[in-house]
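2 protein chains.
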Amino acid sequence: MKVIMIGGVVVGPKVSARLRRLNSDAEITIIEKGTLLSYGACGLPLYVANLVPQLDGLMKTSYGVLRDTDFFQSQKNAKVLTQTEAIKIDRVNKKVLVRHVVTGVEETLDYDYLVLGTGAIPSIPPIPGVNLGQVFTLHRPQDAQALKEFIKAKKVKHVTVMGSGLIGIETADALSSPRLKVALCEAESQVLPKLLDADMAQLVERQMKLQGVDIRLSCRVKALEGDADGNVCRVQTEQGVIETEAVVIATGVRPEVGLAREAGLTIGITGAIQVDEHLMTNDPFIYAGGDCAEQRHLITGEPVYIPLASTANKQGRVIADHIMGISARYAPVEGTSVLQAFELNIGRTGLGEAEARKRGYNVVTSVSSGLDSTHYYPMHANITIKLIAEKEDGRLLGAQVCGLGDGVKRLDVLATALKFGAKVADLIDLDLAYAPPFATAIDVLIHAATTLENMRLGVAQGITVEAFLNRLQAGEKLCLLDVREPDEVAANPLSIEGTKVIALGELRERWEEVPKDSLVVTVCGLGIRGYDAACMLKGKGMNQVVFLQGGLSVANAYFDKI
Amino acid sequence: MKVIMIGGVVVGPKVSARLRRLNSDAEITIIEKGTLLSYGACGLPLYVANLVPQLDGLMKTSYGVLRDTDFFQSQKNAKVLTQTEAIKIDRVNKKVLVRHVVTGVEETLDYDYLVLGTGAIPSIPPIPGVNLGQVFTLHRPQDAQALKEFIKAKKVKHVTVMGSGLIGIETADALSSPRLKVALCEAESQVLPKLLDADMAQLVERQMKLQGVDIRLSCRVKALEGDADGNVCRVQTEQGVIETEAVVIATGVRPEVGLAREAGLTIGITGAIQVDEHLMTNDPFIYAGGDCAEQRHLITGEPVYIPLASTANKQGRVIADHIMGISARYAPVEGTSVLQAFELNIGRTGLGEAEARKRGYNVVTSVSSGLDSTHYYPMHANITIKLIAEKEDGRLLGAQVCGLGDGVKRLDVLATALKFGAKVADLIDLDLAYAPPFATAIDVLIHAATTLENMRLGVAQGITVEAFLNRLQAGEKLCLLDVREPDEVAANPLSIEGTKVIALGELRERWEEVPKDSLVVTVCGLGIRGYDAACMLKGKGMNQVVFLQGGLSVANAYFDKI
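Keeping their order, the protein sequence lines are chains E and U. The working numbering applies: residue 1 is where the first sequence begins, and numbers increase by one. The working numbering applies: residue 563 is where the second sequence begins, and numbers increase by one.
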């Protein structure tokens, strides 16, 4: 059996490894256009940030062996052709025409099965100046090396990043320092627009500003301008000019499907190669996986394009199994994505609120904050969790996390729950591991679920910071009731007009001081005392009381701007 | 409505808080025998270890307010009677007789609903000497304070801990230092016998020995002996005498059910108070929760006694809801437990292998090791995961984790999957969050599931270290084939007779050097290359090949002893 992989970064190597385990005789060939194989592209921002000292760390196994041509030959018995481009697929005769990039020599290879792992390429916006010097992308190891060497050699002080997706934010974080000012231009009105809802993105934006990033939202770049040497020196945007020494374009990627399209393989509505649940294209002898292929979304059932290394590896296994006649299926995805940037752990799974609403779901959401471990444990930090659920039956649709604390553990739990069709009430029952270094006795995730269920069932009513501010700006009279302790208030007093301060411990005595002629919005640090205060005032017969969701841990991101 | 809580540590306060949110009028009374309320008992070892500087940190809210009588009065409008013991329950007239511990004054209180949160008490073995001076337990804050002050004041150099359950191990960790030698006596043949299977316990034992703990397994303590001042100075064990300056008894707890039993409430087969799914006792006006009550196990459906703060808090919510007529149910538990000790993160959920076999399940298990984040990320560490599943359909029964790395995230994912009746194949499909700081592209949990599924379906055959050693010791001729890189072998050469060293990268060339007349057991650092090597040799027609599960990350714990 002859199996050819086109692309040697993730899917090709993974299919090869699994296939070899299942079949010692298969003739496996990997064709790779570039020089490098099987590298950890997700680690490139870490290399730029000096967290990974050597670029070849990204190309080694965990036991220190370089995953090069020899490695695949000796360990997987796979023949690797680097600097070799696949030019044409002859599906009728099951042949691939390849050309060596340097010599130009062409060759025809036979296959029984072909695996397309052609990946993605940076999506470069059609504006003037993108080909100037000192304009970078961060897609391949060479890109990262060029950027890092340039920054170091020229002692660069100003870099502009275009795009605030995962790579854009990670790059901004990697570059930003007291010595290097980063400007970030995002055409949308929030950072991480494909990852987070606007409210959660606020938390990221606040932290980035605190760390000195010049964030420009709703700011499309119109042109890059160069100096006499042909190097970029100026960014023309809808919000004016940014002087810069370098530009990193991180405006997303698009699937590399030219070869597939030319071979008559079906391209899906996402622009990526369409595959079935076995990752088979419309040709039963050709599979596709990784950044060039579509996936199906677990919640919507629709095709999506969410290129990730984790899913690409899973796909590789399914492809190898299916080639070997094992009835493997690739499961629908939830789009679970995560990044660490500006000390925050940021992630999402499933549908966001905006997406869910657009698709017509009747949505209920909660935004809750809490600590990732007990407050008395030496290391603990805050997490904010947003849950998105169907209002009628409480079925979880998605979740987002952001914070200095360990939100990723909770995200993985939510991704797992989502997989099994969990309802919010199920989350409350989860038997999660508790000990002081790992969680609070009532985990922040359980707290988030409880909050959402309370709101869904009408036990408590919360208001989002955005809704609160919208009503305030519309001229409505609102009373913000700050129930924190005096020392907390002194450290971070609220500047919203009409704020009343009564610590929760005094509220039962002093509740009559609370205005009765306007909506009362209770607020505390994380939201829990605000919730208690709202319950207390309701118990006193006040019906116009809501608590501010997530407390100041969320609201501060908005209040800073007022 | 009058609701009385007996016990003010976890369940009582939690019921009070939730009840108050739902009902502003209820007359809530908390009766507590001791002086302290609502403290984080799980943090006591951290206090002993100087990780929590002040004991009252365990009694404060996260925003720094002491949870004392005033707190419950002002914030929850709950009346608290400390140093007050409940003497008798008159179920017919719905009255509780209480007595003030100091004054002896008695009083009768009416209730509509009674909540028993009487907790547990340390189980002291019936041996001579347990009442000597300098014999401690670690149950209440006062115990921790007494122990810590004694250690500090007397510059103690030798302490003996009796029992290696969660508290025993945490205490040993808290005390053990280059200046203080801890001896640990465990009657069973492994540490953490209720938490871990013997193979996983080996990993803990190895780490404890490396850190200088004198572990005595299968070593029942026969008596404690005192000096002339009546202070303990010697521990008589089945394995001889241990000279010591103090003893900490950590041989478990038993539920405090005296009051309930006397009132005619049903005590279950576990010895704890029997409750239904609403946490109601056999008296519909009396509920019980926390460390005095039974729970039901999710997998077996049988009653279990697993006292934990996390579940006690969940129970409090259910009790309050049910009192208020909300149809809340307390879900069966998985016994998810975790601890951090000797730098290891250790935990379990569901059934262990030994338990599952005893209950007649046809069990298949895997032990796998891997990194918690990418090897090129600056912080990464090893995790070992044991999965226990039903052989026929692959349904997950339980899991255990141990390692320096972040195993708790994976444990929480497994606990969540277990909740939804996951099969091992479902775990392979989980869409977990990947980025280099948080996981490897193929997460160690996915790897563990894949390994188990491969073994269950016969794609690969693994052998446990224990089975390997048993066969070796029975005189069978075995070839251990070490496929690590030369630098790894040089750093940690294997001393097992008959070990053959061929790096995986050379095995395809040199496979004919491998003996054909005995079972070949392939081994590497974490197990993955061993698995690859076994597949490769099978491909060459060798059928007598298995890989050593978990590689040397597991085997080292056993090999050290040979």
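Derived by calculation from the structure, the hints in this document are not laboratory data. Source: prediction; values computed, not measured. Glycine included, C-beta positions come from ideal geometry on N, C-alpha and C. There could be a bad hint or two in this list.
As the list claims (entries may be wrong) - Heads up, simulated DSBU-like pairs for lysine-lysine below, C-alpha to C-alpha not over 35 Å straight-line: (1) U:Lys710 to U:Lys657; (2) E:Lys95 to E:Lys79; (3) E:Lys60 to U:Lys756; (4) U:Lys1100 to E:Lys95; (5) U:Lys1062 to U:Lys771; (6) E:Lys94 to U:Lys657; (7) E:Lys516 to U:Lys564; (8) U:Lys1100 to U:Lys1039; (9) E:Lys60 to U:Lys719; (10) E:Lys222 to E:Lys155; (11) U:Lys953 to U:Lys784; (12) U:Lys595 to U:Lys564; (13) U:Lys985 to E:Lys60; (14) E:Lys148 to E:Lys181; (15) U:Lys743 to U:Lys716; (16) U:Lys622 to E:Lys538; (17) U:Lys657 to E:Lys538; (18) U:Lys641 to E:Lys540; (19) U:Lys657 to E:Lys60; (20) E:Lys423 to U:Lys1078; (21) U:Lys756 to U:Lys719; (22) U:Lys719 to E:Lys2; (23) U:Lys1078 to U:Lys1062; (24) E:Lys2 to E:Lys95; (25) U:Lys716 to U:Lys657; (26) E:Lys516 to U:Lys1062.
Claimed, not checked - To spell it out: a stretch of chain U is covered by chain E in this simulated footprint if at least three of its residues, at any positions, have a beta carbon under 8 Å from a beta carbon of chain E; those stretches are: (27) 1028-1037; (28) 1111-1122.
To see whether the hints hold, each was checked on the structure:
Note on Lys710 (chain U) and Lys657 (chain U): the hinted pairing is violated, with a Cα-Cα distance of about 41 Å set against a maximum of 35 Å. Under the criterion of a C-alpha separation no larger than 35 Å, the hint pairing Lys95 (chain E) with Lys79 (chain E) is consistent with the structure, at around 17 Å. For the proposed pair Lys60 (chain E) and Lys756 (chain U), the alpha carbon gap of about 40 Å is over 35 Å, so the pair is violated. Of the supplied pair hints, the one linking Lys1100 (chain U) and Lys95 (chain E) holds, its CA atoms being roughly 31 Å apart against a limit of 35 Å.
Between Lys1062 (chain U) and Lys771 (chain U) the CA atoms are separated by roughly 29 Å; this keeps the pair inside 35 Å, and the hint holds. Note on Lys94 (chain E) and Lys657 (chain U): the hinted pairing is violated, with a Cα-Cα distance of about 86 Å set against a maximum of 35 Å. Proposed proximity of Lys516 (chain E) and Lys564 (chain U) is supported: the alpha carbons are some 30 Å apart, at most 35 Å. At most 35 Å may separate the alpha-carbon atoms for a hinted pair to count; Lys1100 (chain U) and Lys1039 (chain U) meet this at roughly 19 Å.
For the suggested pair Lys60 (chain E) and Lys719 (chain U), the alpha carbons sit about 47 Å apart, so the restraint of at most 35 Å is broken. The hinted pair formed by Lys222 (chain E) and Lys155 (chain E) meets the criterion: a straight-line CA distance of about 27 Å does not exceed 35 Å. Between Lys953 (chain U) and Lys784 (chain U) the alpha-carbon distance is near 42 Å, which puts this suggested pair outside the 35 Å criterion. Only pairs whose Cα atoms come within 35 Å are accepted, and Lys595 (chain U) paired with Lys564 (chain U) is accepted, the gap being roughly 20 Å.
As the CA atoms of Lys985 (chain U) and Lys60 (chain E) are separated by approximately 33 Å, the hinted pair is consistent with the 35 Å bound. Between Lys148 (chain E) and Lys181 (chain E), the direct Cα distance comes to roughly 15 Å. Compliance with the 35 Å bound is thereby established for this hinted pair. For the proposed pair Lys743 (chain U) and Lys716 (chain U), the alpha carbon gap of about 14 Å is at most 35 Å, so the pair holds. For the hint linking Lys622 (chain U) to Lys538 (chain E), the alpha-carbon distance of about 26 Å falls within 35 Å, and the restraint holds.
The suggested pairing of Lys657 (chain U) with Lys538 (chain E) holds, with an alpha-carbon distance near 31 Å, which does not exceed 35 Å. Under the criterion of a C-alpha separation no larger than 35 Å, the hint pairing Lys641 (chain U) with Lys540 (chain E) is consistent with the structure, at around 18 Å. For a cut-off of 35 Å, the pair hint linking Lys657 (chain U) to Lys60 (chain E) is broken: about 72 Å separates their Cα positions. Among the hinted pairs, Lys423 (chain E) with Lys1078 (chain U) is inconsistent with the structure: their alpha-carbon atoms are about 55 Å apart, more than 35 Å.
Between Lys756 (chain U) and Lys719 (chain U) the CA atoms are separated by roughly 29 Å; this keeps the pair inside 35 Å, and the hint holds. Proximity of Lys719 (chain U) to Lys2 (chain E) is assessed by CA-CA distance (about 69 Å); at most 35 Å being required, the pair is judged violated. Distance restraint check for Lys1078 (chain U) and Lys1062 (chain U): the Cα-Cα separation of roughly 13 Å lies within the 35 Å cut-off, and the hinted pair is therefore satisfied. Restraint check: the Cα-Cα separation between Lys2 (chain E) and Lys95 (chain E) comes to about 11 Å, which is no more than 35 Å; the hinted pair holds.
Distance check on the hinted pair: Lys716 (chain U) and Lys657 (chain U) sit about 48 Å apart at the alpha-carbon level, beyond 35 Å; violated. Restraint check for Lys516 (chain E) and Lys1062 (chain U): the C-alpha separation of about 83 Å exceeds 35 Å, so the hint is violated. Evaluation of the coverage hint for the region 1028-1037 of chain U: breached, as 0 residues show C-beta separations to chain E shorter than 8 Å, against a requirement of three. Counting residues of the region 1111-1122 of chain U whose CB lies closer than 8 Å to any CB of chain E gives 0, which falls below the minimum of 3, so the coverage claim is violated.
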